[in-house]
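Undergrad: Taken in order, these protein sequences are the chains called A and B. For the working numbering, count along the first sequence from 1 and bump the result up by 126. For the working numbering, count along the second sequence from 1 and bump the result up by 126.
Hints are supplied without guarantee of correctness; some may be wrong.
If chains are identical, the list can't say which one is meant, so a pair holds when it fits in one copy or spans any two.
Below 25 Å or equal to it, Euclidean Cα-Cα: the simulated SDA-like pairs (lysine to any residue) are [stated by the list, open to error]:
#1 205 <-> 169
#2 205 <-> 162
#3 205 <-> 215
#4 205 <-> 130
#5 205 <-> 195
Read the hints as simulated data drawn from the structure, not as lab findings. This structure is a prediction, so every number in the text was calculated from the model and none was measured.
There are 2 protein chains.
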Amino acid sequence: MTLAELSAGPRRYRELERALEGISQRMMTLTLRRLERDGHVLRHVAPTVPPSVTYELSDLGRSFADHIAGLVAWSRRYKWEIEMAQAAYDTHPEI
Amino acid sequence: MTLAELSAGPRRYRELERALEGISQRMMTLTLRRLERDGHVLRHVAPTVPPSVTYELSDLGRSFADHIAGLVAWSRRYKWEIEMAQAAYDTHPEI
Numbered sequence: 127m128t129l130a131e132l133s134a135g136p137r138r139y140r141e142l143e144r145a146l147e148g149i150s151q152r153m154m155t156l157t158l159r160r161l162e163r164d165g166h167v168l169r170h171v172a173p174t175v176p177p178s179v180t181y182e183l184s185d186l187g188r189s190f191a192d193h194i195a196g197l198v199a200w201s202r203r204y205k206w207e208i209e210m211a212q213a214a215y216d217t218h219p220e221i
Numbered sequence: 127m128t129l130a131e132l133s134a135g136p137r138r139y140r141e142l143e144r145a146l147e148g149i150s151q152r153m154m155t156l157t158l159r160r161l162e163r164d165g166h167v168l169r170h171v172a173p174t175v176p177p178s179v180t181y182e183l184s185d186l187g188r189s190f191a192d193h194i195a196g197l198v199a200w201s202r203r204y205k206w207e208i209e210m211a212q213a214a215y216d217t218h219p220e221i
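Isolated chain A (complex conformation) (with noise of 0.2 Å):
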């Protein structure tokens, strides 16, 4: 969800917290902590008062997104075709 958010540009921490709704500021910033120690997310400090902090996704980041968008777009994609494979074992679970 941040990677996907990330992707569309930079974003401001408050800017993330919104788009990531009923995200707890402490995954959050957990998270982001995350994304910029595996250096797919790159932090800029902006010297204004109170300091603004912007994130930003790196080329890493960007790369990985894809793949993860594209795991994303494939699961919604079958999404159908999973669910009646499910239905289907649970009726007949061990034929």
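Position chain B relative to chain A; hints supplied.
TA: Positioned in the frame of chain A, the structure of chain B alone reads:
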């Protein structure tokens, strides 16, 4: 891992067990059942004595496995960049 192994072709339970060294019987059984339930794997039971069970990727499973393989290849390709980013972050966590 199971998907990768089945990408190479149909496998009997024992063959999978040998290929996935270290996986517990319980975990393998649960993994195969989940993959089967989600329609990614087809389970064939040959009427031998004792019955011989073979597992095979479905078309759905093959297309899913392709995405996963892409993600695995990506992580292998960028392993060094990620480790460099982590090392840099760990020395200067909050510049």
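Undergrad: Pop the pair residue 205 and residue 162 into one bin, within, between, both or neither, using alpha-carbon distances up to 25 Å.
TA: between (31 Å within a copy, 15 Å between copies)
Undergrad: Between the shortest in-copy and the shortest cross-copy C-alpha distance, which are at most 25 Å for residue 205 and residue 215: within, between, both, or neither?
TA: within (15 Å within a copy, 38 Å between copies)
Undergrad: Between copies, within a copy, both or neither: which fits residue 205 and residue 169 at Cα up to 25 Å?
TA: Classified as between: cross-chain Cα gap 21 Å, same-chain 35 Å, threshold 25 Å.
Undergrad: Under a CA distance limit of 25 Å, which applies to residue 205 and residue 195: within one copy, between copies, both, or neither?
TA: Classified as both: same-chain Cα gap 15 Å, cross-chain 20 Å, threshold 25 Å.
Undergrad: Is it within, between, both, or neither for residue 205 and residue 130, if the alpha carbons may be no more than 25 Å apart?
TA: Close inside one copy (19 Å) and across copies (22 Å); limit 25 Å.
Checked against the numbered hints above, the structure violates none of them.
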